[in-house]
Amino acid sequence: MMHRNYILRVVSKLLIPFILLFGLYVQWHGDFGPGGGFQAGVIFAAGFILYGLIYGLGTLRKALPAWVTRLVLTLGVLLYAGVGVACMLMGSKFLDFDVLANKPTDGQHMGIVLVEFGVGLTVFAGIVTIFCAFAGRAAADVNPADNITAGDAGND
Amino acid sequence: MNLEIITSDLLNVATLVIMAITGLAIARIRNLFAVVMLSGIYSLMGATLYVILDAVDVAFTEAAVGAGASTVLMIGTLALTSDRENATPNTRTIKGLFVCSFIFAALIYGSLDMPLFGDPNAPAHQHVVPRYLNDSMAEIGLPNVVTSVLASYRSFDTMGETFVIFTAAIGVITLIGRSSRRRRKSGEGKPEP
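Read top to bottom, the protein sequences are chains D and A. Its first residue numbered 12, the first sequence is counted upward by one per residue in my numbering. Its first residue numbered 65, the second sequence is counted upward by one per residue in my numbering.
Simulated from the structure, these hints should not be mistaken for laboratory data. Here the structure is a predicted model, which means the values were calculated and not measured. A hint or two may mislead.
Unchecked claim - Here are the in silico distance ranges between beta carbons for each label pair:
#	chain 1	residue 1	chain 2	residue 2	range
1	D	Phe29	A	Arg156	42 to 52 Å
2	D	Met99	A	Ala143	40 to 50 Å
3	A	Phe220	D	Asn16	24 to 34 Å
4	A	Val228	D	Leu35	21 to 31 Å
Beta carbons: idealized from backbone N, C-alpha and C, even for Gly.
Can you build the whole structure from these sequences, using the hints too?
Structure below.
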């Protein structure tokens with residue numbers, strides 16, 4: 012896909028690391044600046060979608076196989092709900108972060124960082140999964156012979 | 065009125081006018097590829113509006129999802145279907161015009177009772193907002209109140225939203241991901257008639 016578009020390939024190769032870095036910044040600084048898990052997940056996914064658009068779905072799936080996105084998709088919601096259950100096990104209510112550390116505000120901070128990370132994981136994996144499913148379907152219709160790694164199904 | 069307020073008002077009006085023009089163009093144009101591009105522009109203008117309104121995190125999301133991911137998904141859908149919209153027969157009637165004008169007038173009349181834009185005494189700003197703004201530093205200890213509200217005060221909501229994303233991805237895998245795999249396995253390239 013797009014073997015001759017040197018400008019797109021070179022510029023995207025330069026941009027993608029910064030997009031991913033910005034996604035990480037938005038994830039871990041959501042408590043001090045604008046942003047949070049959802050925004051970070053979306054920005055991170057946008058970086059991977061750009062990679063898939065320029066270099067083809069097969070290359071994207073080599074970097075990020077279907078089982079990885081599925082695992083991350085599930086890990087995100089498990090982390091979120093797991094933090095809630097951990098609060099219950101430590102003697103408080105579901106998702107009441109006060110008990111997670113010695114000081115209530117420290118516990119809140121820790122709980123918020125953890126659940127935001129869960130949100131980020133699920134949103135990132137969800138958007139990449141949806142993109143790959145749509146793009147894989149389109150590629151399979153155009154040329155069913157190749158694109159073995161296309162679609163989400165790929166290898167499981 | 066000082067210069068800053070005038071500039072921000074002008075920017076607001078200009079952005080909204082461009083959004084309205086884009087919306088009208090989307091309704092008129094039959095070439096769906098152009099419609100997808102215009103909806104991307106619409107989302108970018110929306111993101112600009114959110115930046116002017118100081119909601120930078122919403123602007124991030126709008127730019128990345130509205131202008132980025134959903135535009136790409138729409139183009140993927142166009143690859144599967146046609147990129148021309150079928151012309152619908154002309155069904156404009158006086159009755160329709162009457163119903164539309166009535167609803168428009170009713171909406172305008174209803175909006176007259178609403179509090180002014182940014183009014184600090186609006187009911188929405190009197191309920192739990194004072195507690196969030198005054199006490200969240202002592203209770204949660206984060207400088208960004210939005211994050212405190214989203215992740216701690218309304219943690220249940222955010223968990224529900226995360227599960228919505230999870231369910232959406234699972235649904236897409238089940239509906240689209242699987243069928244293309246089955247087709248590959250059976251060795252048939254053509255979609256079912």
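Against the structure, the hints come out as follows:
Look at phenylalanine 29/D against arginine 156/A: about 50 Å separates their beta carbons, and that is inside 42 to 52 Å. The hinted window of 40 to 50 Å between methionine 99/D and alanine 143/A holds, with their beta carbons roughly 48 Å apart. Between phenylalanine 220/A and asparagine 16/D the beta carbon distance is about 47 Å. The supplied range of 24 to 34 Å is therefore violated. Taken as a hint, the range 21 to 31 Å holds for the pair valine 228/A and leucine 35/D, whose Cβ atoms sit roughly 24 Å apart.
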